[in-house]
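With the hints as extra help, turn the sequences into a complete structure.
Protein sequences appear in the order of chains H and R.
Here the first sequence is numbered in numbering that gives the first Met the number 0, starting from 0 and rising by one per residue.
Here the second sequence is numbered in numbering that gives the first Met the number 0, starting from 0 and rising by one per residue.
Since the hints were derived computationally from the structure, they do not count as laboratory data.
Some clues are possibly wrong.
No copy labels: a pair is met if it fits in one copy or bridges any two.
[To be verified] No farther apart than 30 Å at their CA atoms in a straight line, the calculated lysine-lysine pairs in the DSSO-like style are these:
#	residue 1	residue 2
1	K42	K222
2	K288	K198
3	K75	K50
4	K124	K50
5	K172	K240
6	K198	K42
7	K288	K74
8	K222	K179
9	K288	K42
Protein chains: 2
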Amino acid sequence: MFEFSLLQSASTGTRGRVGMITTSHGAIHTPCFMPVGTQGTVKAMTPEELKLLGAEIVLSNTYHLYLRPGHERVKKLGGLHRFMHWDRPILTDSGGYQIFSLADLRRSFTDDGVEFQSHLDGGAKHFLSPEIAIEIQEALGSDIMMVLDECTPYPASEPTARTSMELSLRWAKRCLSARKSQNALFGIVQGGMYPHLRKEYIESLESNFDGYAIGGLSVGEPKDMMLGMVDVCTQSLPHDKPRYLMGVGTPEDILDAIDHGIDMFDCVLPTRNARNGELFTSTGDIRIKGAEYTDDNRPLDESCTCETCRHYSRAYLRHLAMANEILYARLATLHNLHLYIDLLRRARVSLEENGFPEFKRQFFEQRRSR
Amino acid sequence: MFEFSLLQSASTGTRGRVGMITTSHGAIHTPCFMPVGTQGTVKAMTPEELKLLGAEIVLSNTYHLYLRPGHERVKKLGGLHRFMHWDRPILTDSGGYQIFSLADLRRSFTDDGVEFQSHLDGGAKHFLSPEIAIEIQEALGSDIMMVLDECTPYPASEPTARTSMELSLRWAKRCLSARKSQNALFGIVQGGMYPHLRKEYIESLESNFDGYAIGGLSVGEPKDMMLGMVDVCTQSLPHDKPRYLMGVGTPEDILDAIDHGIDMFDCVLPTRNARNGELFTSTGDIRIKGAEYTDDNRPLDESCTCETCRHYSRAYLRHLAMANEILYARLATLHNLHLYIDLLRRARVSLEENGFPEFKRQFFEQRRSR
Numbered sequence: 000m001f002e003f004s005l006l007q008s009a010s011t012g013t014r015g016r017v018g019m020i021t022t023s024h025g026a027i028h029t030p031c032f033m034p035v036g037t038q039g040t041v042k043a044m045t046p047e048e049l050k051l052l053g054a055e056i057v058l059s060n061t062y063h064l065y066l067r068p069g070h071e072r073v074k075k076l077g078g079l080h081r082f083m084h085w086d087r088p089i090l091t092d093s094g095g096y097q098i099f100s101l102a103d104l105r106r107s108f109t110d111d112g113v114e115f116q117s118h119l120d121g122g123a124k125h126f127l128s129p130e131i132a133i134e135i136q137e138a139l140g141s142d143i144m145m146v147l148d149e150c151t152p153y154p155a156s157e158p159t160a161r162t163s164m165e166l167s168l169r170w171a172k173r174c175l176s177a178r179k180s181q182n183a184l185f186g187i188v189q190g191g192m193y194p195h196l197r198k199e200y201i202e203s204l205e206s207n208f209d210g211y212a213i214g215g216l217s218v219g220e221p222k223d224m225m226l227g228m229v230d231v232c233t234q235s236l237p238h239d240k241p242r243y244l245m246g247v248g249t250p251e252d253i254l255d256a257i258d259h260g261i262d263m264f265d266c267v268l269p270t271r272n273a274r275n276g277e278l279f280t281s282t283g284d285i286r287i288k289g290a291e292y293t294d295d296n297r298p299l300d301e302s303c304t305c306e307t308c309r310h311y312s313r314a315y316l317r318h319l320a321m322a323n324e325i326l327y328a329r330l331a332t333l334h335n336l337h338l339y340i341d342l343l344r345r346a347r348v349s350l351e352e353n354g355f356p357e358f359k360r361q362f363f364e365q366r367r368s369r
Numbered sequence: 000m001f002e003f004s005l006l007q008s009a010s011t012g013t014r015g016r017v018g019m020i021t022t023s024h025g026a027i028h029t030p031c032f033m034p035v036g037t038q039g040t041v042k043a044m045t046p047e048e049l050k051l052l053g054a055e056i057v058l059s060n061t062y063h064l065y066l067r068p069g070h071e072r073v074k075k076l077g078g079l080h081r082f083m084h085w086d087r088p089i090l091t092d093s094g095g096y097q098i099f100s101l102a103d104l105r106r107s108f109t110d111d112g113v114e115f116q117s118h119l120d121g122g123a124k125h126f127l128s129p130e131i132a133i134e135i136q137e138a139l140g141s142d143i144m145m146v147l148d149e150c151t152p153y154p155a156s157e158p159t160a161r162t163s164m165e166l167s168l169r170w171a172k173r174c175l176s177a178r179k180s181q182n183a184l185f186g187i188v189q190g191g192m193y194p195h196l197r198k199e200y201i202e203s204l205e206s207n208f209d210g211y212a213i214g215g216l217s218v219g220e221p222k223d224m225m226l227g228m229v230d231v232c233t234q235s236l237p238h239d240k241p242r243y244l245m246g247v248g249t250p251e252d253i254l255d256a257i258d259h260g261i262d263m264f265d266c267v268l269p270t271r272n273a274r275n276g277e278l279f280t281s282t283g284d285i286r287i288k289g290a291e292y293t294d295d296n297r298p299l300d301e302s303c304t305c306e307t308c309r310h311y312s313r314a315y316l317r318h319l320a321m322a323n324e325i326l327y328a329r330l331a332t333l334h335n336l337h338l339y340i341d342l343l344r345r346a347r348v349s350l351e352e353n354g355f356p357e358f359k360r361q362f363f364e365q366r367r368s369r
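Structural data, given as structure tokens:
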């Protein structure tokens, strides 16, 4: 089951939208942020904590789960929801992004699919095709599956971007034909930084996908170029389907993309940066290992209501980080995810109240105030 | 503030006792298990989780906190309770055990105290004396402080054990004189594996300590010898003070020691072993990385009521462990600590109900059943 209701799409000074996705595992209010749970767990968090933070959906990585513990095993154990004890919706990627982007992976690809070697299992050979990508995601029991695509690198010449886009288009159609389940399936718009290629993809794709992701962005291009491509895509995409900007981004990037009509986001920034000592706050970012926090008895973010900010000082967080304590990763991840999920919630409210442009302006200004 | 009420000391077939310690940070029901929070955090756990598990007191390590972040800093930041967000009692060791036992630490000691070099701060020299050990523990704001002692190695000749015991005795008295606070202070009985030396220590020590720890056990001696020494000590120690067996042990060790009249325990086994993949269950121990758990959809321990056992399968825990996920360390630690704290709770109840010997027999039998 998958339904998208566009609740609000016209608002002064923005193309931002408010919507709701309904799945058999529950509803997702959009715009939404999806925490990344690469290996069947959002690193350092329990599902209960994610729910308390307000997460309505998580993303999990097909590539990692295919290799370990294996999608057939997850299926036998009752599916990914039961395996990881998460009863809300799950979106899975197709596995393609990891295969194309992991630097030390040997791979060779044809129109049929891609053969690759993983280092996890001693260099055994694996093969991924559009049909297999769907089979794996159906075995996992994903609520929202993604088509297999090729993420066009940046920069790429127009002929290269065209070849890549056309391959992704053929693969997207094969994914649609391969689907045996009721699970939702999203297409992924490619086309590099060429507006006409992006439009061509969107026009060529049959309209019976449940939603549309925009791929191949945030791959090194200037931010203006990224937003320009987002704009090209959201202008052309059907209004009644959710739009998902893959792998983006900073809090500012997300507000900008909402402004251009994006509904769904995922990004490793809040979780990965937390573990690396980078904490997002309402007044700017903090590198918690800095010596200036050694004796700082204030909370990370004085206006934040998360558990971390209510109970612990910067000095304690720094101590835990310096001592490589697991509790550091927990408290830092909790805080960063709280900021992201709360930001999306506040963005939704401001859209509903016709105040998004002012909300965004104030947020940007405050973030520069440190 | 420190009070100990011996609520029950006579029961059929056991020397086990039931009591209650009252401190200004709350009560501790004995026999009790104290989770170890070496660096101002019980690894992988939040204080809220420890409370939900029923932990009434934690242990923290003076040596580690002295070196990082520093006891004066902790004091300025409001004391250890505030620093680590734990408002229940804290027991601190004296720092001596780490200095004497860390293999790669350079040290030289005299009657005055011990000089040592730490690798944490580039080999800077530090000095610890009985007076400084108390000063540090008072700065941390410990509810129960321990005297500085020398942990006699095993095996040790009688003259060596005597010299060591006499040094510990002189240091214990100096600690008592150095105390400026109302914080409780425990003596630590040394004397190696020589009953007369243990008795001599106990008789020589003035009776105005708040409790008595038994040190220098579980250092490689046979288990019978350990229990024999525990017996010698608990027979000689004053009845109206709590007895604490330091660093012990397995669930079986703990029940045996309760049987011999011990009231308090600490041990890294449940937390450290959890992180290393060793899980305690009511029917024996599990090495979760074993291939036999790959497809095992059962909970870790079918009779356990902890969050881990209620929500996650062995197959999932194994997957998390193999993938080095932080959530593994969390769920494993939670389970092992639940088993320990619940074991102590059940031991208390069985003592109160005059059924400890049968409880212990059944627990041992079930643990051998796997």
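Structure-based check of all given hints:
no., hint, result
1, K42 / K222, "within (28 Å within a copy, 41 Å between copies)"
2, K288 / K198, "neither (46 Å within a copy, 50 Å between copies)"
3, K75 / K50, "within (26 Å within a copy, 36 Å between copies)"
4, K124 / K50, "neither (38 Å within a copy, 49 Å between copies)"
5, K172 / K240, "within (17 Å within a copy, 77 Å between copies)"
6, K198 / K42, "neither (37 Å within a copy, 52 Å between copies)"
7, K288 / K74, "between (42 Å within a copy, 20 Å between copies)"
8, K222 / K179, "neither (39 Å within a copy, 62 Å between copies)"
9, K288 / K42, "both (20 Å within a copy, 19 Å between copies)"
Checked against the numbered hints above, the structure violates hints 2, 4, 6 and 8; every other hint is satisfied.
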